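Go ahead and model the full structure; you've got the sequences and the hints to work with.
There are 2 protein chains.
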Amino acid sequence: MAQNVYDQENFFKEYIQLPRQVKGLDGAPEWSALKALIPDPKGSAFLDLGCGFGWVCRWARENGATTVQGVDVSDNMLSKARGFPPDAAITYTRADLETFEIPPNTYDIVFSSLTLHYLKNLPSLILQISKSLKAGGAFMCSVEHPIFTSPRNAKFVPDSEGQTIWPLDGYLKEGPRTTNWFADGVVKQHRTISTYVTLLLQARLQLSALDEWGPTPEQIKESPQWADELKRPPFLLLKGVKAM
Amino acid sequence: MAQNVYDQENFFKEYIQLPRQVKGLDGAPEWSALKALIPDPKGSAFLDLGCGFGWVCRWARENGATTVQGVDVSDNMLSKARGFPPDAAITYTRADLETFEIPPNTYDIVFSSLTLHYLKNLPSLILQISKSLKAGGAFMCSVEHPIFTSPRNAKFVPDSEGQTIWPLDGYLKEGPRTTNWFADGVVKQHRTISTYVTLLLQARLQLSALDEWGPTPEQIKESPQWADELKRPPFLLLKGVKAM
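Sequence lines, in order, name chains G and L.
Note that my numbering gives residue 230 to position 227 of the first sequence, counting from 1, and the numbers run on in steps of one.
Note that my numbering gives residue 54 to position 51 of the second sequence, counting from 1, and the numbers run on in steps of one.
Check each hint, because a few of them may be wrong.
All copies of an identical chain are treated as equivalent in the list; a pair is satisfied when it fits inside any one copy or across any two copies.
[Unchecked claim] Okay, derived cross-link-like pairs now, SDA-like style, lysine to any residue, Cα gap no bigger than 20 Å in a straight line:
id : residue 1 : residue 2
1  : Lys176    : Gln222
2  : Lys176    : Pro237
3  : Lys158    : Arg97
4  : Lys38     : Thr201
5  : Lys26     : Asn66
6  : Lys176    : Ser226
7  : Lys45     : Trp62
8  : Lys176    : Glu164
9  : Lys158    : Leu175
10 : Lys224    : Ala5
11 : Lys123    : Gly67
12 : Lys176    : Glu221
13 : Lys26     : Lys45
14 : Lys45     : Gln20
15 : Lys26     : Ser135
16 : Lys224    : Glu65
17 : Lys158    : Gly188
18 : Lys176    : Ile223
19 : Lys83     : Gln131
20 : Lys176    : Pro227
21 : Lys176    : Leu233
22 : Lys176    : Gln166
23 : Lys83     : Leu117
24 : Lys158    : Gly173
25 : Lys16     : Thr219
26 : Lys16     : Gly30
Simulated from the structure, these hints should not be mistaken for laboratory data.
Remember, it's a predicted structure, so these values are computed and weren't measured experimentally.
Rendered as structure tokens:
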């Protein structure tokens with residue numbers, strides 16, 4: 004069973020106050036870059052792995068998806084998702100993505116936001132995602148950037164010139180990283196960009212985009228504290244397409 | 004004109020003592036990973052951009068390439084390359100890759116080792132490389148890894164726990180980086196992985212490999228000082244294939 008911090012009440016209480024939970028997609032600074040990678044959902048069968056409160060599921064429906072399935076490991080998250088006005092075309096399923104089985108040749112679009120870096124069994128999930136796509140279908144994901152997940156101490160520190168630096172180490176040493184993010188002992192799986200890309204290619208997905216997301220000049224003007232994100236990217240966005 | 008440190012005598016005197024120059028390909032720790040990406044050269048027309056002493060040009064001929072062209076900006080390098088027993092099937096050309104024109108639809112294999120991170124005009128060169136490939140042809144390159152080129156001070160430093168860290172900053176700020184490597188004021192162009200990959204995709208090359216090279220356990224046993232390379236990868240290896 005995957006670790007499920009989202010159902011720890013102390014974690015969840017803090018987590019739901021994040022801008023991306025309060026404001027929805029507009030509170031997620033990388034959303035517009037990620038949205039630009041998603042094909043037009045109109046008429047599609049859409050799957051969201053790690054759907055949380057269902058923001059993207061509802062967005063897909065508002066943009067014409069025919070059926071939408073959201074999957075999440077957290078009861079807390081899914082209760083909130085189901086609290087929005089019901090829509091018979093959206094199905095929410097509680098499942099552990101470490102073992103979830105996805106039906107083959109079913110979806111036009113598979114999406115996953117900031118979820119895959121929690122999973123140990125990612126190679127098997129990526130293979131399943133590829134099989135679950137119809138020919139020409141697309142898979143988009145965001146993960147915490149490997150530069151972000153790599154360090155023993157993942158915090159900016161001052162250098163000898165008084166500038167902040169990101170203390171990179173262990174980039175090529177893949178495996179678990181334990182951080183204290185709202186709760187103690189949150190475990191993420193650190194993987195290199197090379198591993199993410201190779202998993203897609205081995206699953207016969209053609210890489211069609213790789214974005215190391217950072218804030219735009221406009222976003223930094225609005226939220227000056229984001230300037231440091233340019234020193235090391237917080238998110239990695241990938242898109243793979245299944246051959247026709 | 005591109006900077007040409009290889010024709011500065013003080014630089015060159017030090018540079019030719021590097022293991023990869025003294026021992027050839029076996030002195031380049033990433034060569035076996037890079038070689039694994041190169042299609043069988045037998046019968047191919049082979050182009051090496053930034054050929055240096057011609058080690059890879061001669062390797063391609065020894066492995067059956069029909070014609071080999073090596074291009075380099077440095078007289079020092081090419082004199083040395085031409086000093087090896089001559090081979091009518093290998094042509095060496097002195098040219099600045101910032102402005103070099105490559106004939107279209109000519110090569111089966113285009114190769115470039117540790118050269119492209121010196122070039123300002125990379126988008127145009129990648130487009131030309133793609134056009135110069137025959138259908139099904141392949142482009143392989145190694146560059147200094149963006150994590151390696153990014154920092155203001157590109158040297159390991161101790162952290163507060165006495166461990167060495169790589170002081171990452173400015174990863175998303177692309178542009179020139181000046182280092183003192185055998186000579187003062189060597190200028191490299193820092194680009195993100197995202198930019199390298201996007202340039203290949205925009206040139207209609209299908210990404211077929213992305214390797215963030217680090218030493219193997221065997222290599223670290225032989226050269227223990229390489230263990231720190233696992234903290235931040237020194238090289239990025241890419242392969243793109245032109246659609247049939």
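Hint check results:
no.: 1; hint: Lys176 to Gln222; verdict: between (33 Å within a copy, 16 Å between copies)
no.: 2; hint: Lys176 to Pro237; verdict: both (19 Å within a copy, 14 Å between copies)
no.: 3; hint: Lys158 to Arg97; verdict: neither (33 Å within a copy, 47 Å between copies)
no.: 4; hint: Lys38 to Thr201; verdict: between (23 Å within a copy, 18 Å between copies)
no.: 5; hint: Lys26 to Asn66; verdict: within (19 Å within a copy, 60 Å between copies)
no.: 6; hint: Lys176 to Ser226; verdict: between (33 Å within a copy, 18 Å between copies)
no.: 7; hint: Lys45 to Trp62; verdict: within (11 Å within a copy, 53 Å between copies)
no.: 8; hint: Lys176 to Glu164; verdict: between (29 Å within a copy, 19 Å between copies)
no.: 9; hint: Lys158 to Leu175; verdict: both (19 Å within a copy, 17 Å between copies)
no.: 10; hint: Lys224 to Ala5; verdict: neither (38 Å within a copy, 36 Å between copies)
no.: 11; hint: Lys123 to Gly67; verdict: neither (33 Å within a copy, 44 Å between copies)
no.: 12; hint: Lys176 to Glu221; verdict: between (35 Å within a copy, 16 Å between copies)
no.: 13; hint: Lys26 to Lys45; verdict: neither (24 Å within a copy, 59 Å between copies)
no.: 14; hint: Lys45 to Gln20; verdict: neither (32 Å within a copy, 61 Å between copies)
no.: 15; hint: Lys26 to Ser135; verdict: neither (31 Å within a copy, 49 Å between copies)
no.: 16; hint: Lys224 to Glu65; verdict: neither (30 Å within a copy, 57 Å between copies)
no.: 17; hint: Lys158 to Gly188; verdict: within (16 Å within a copy, 31 Å between copies)
no.: 18; hint: Lys176 to Ile223; verdict: between (32 Å within a copy, 14 Å between copies)
no.: 19; hint: Lys83 to Gln131; verdict: neither (27 Å within a copy, 53 Å between copies)
no.: 20; hint: Lys176 to Pro227; verdict: between (33 Å within a copy, 16 Å between copies)
no.: 21; hint: Lys176 to Leu233; verdict: between (24 Å within a copy, 7 Å between copies)
no.: 22; hint: Lys176 to Gln166; verdict: between (27 Å within a copy, 15 Å between copies)
no.: 23; hint: Lys83 to Leu117; verdict: within (18 Å within a copy, 52 Å between copies)
no.: 24; hint: Lys158 to Gly173; verdict: both (14 Å within a copy, 15 Å between copies)
no.: 25; hint: Lys16 to Thr219; verdict: neither (30 Å within a copy, 44 Å between copies)
no.: 26; hint: Lys16 to Gly30; verdict: within (17 Å within a copy, 56 Å between copies)
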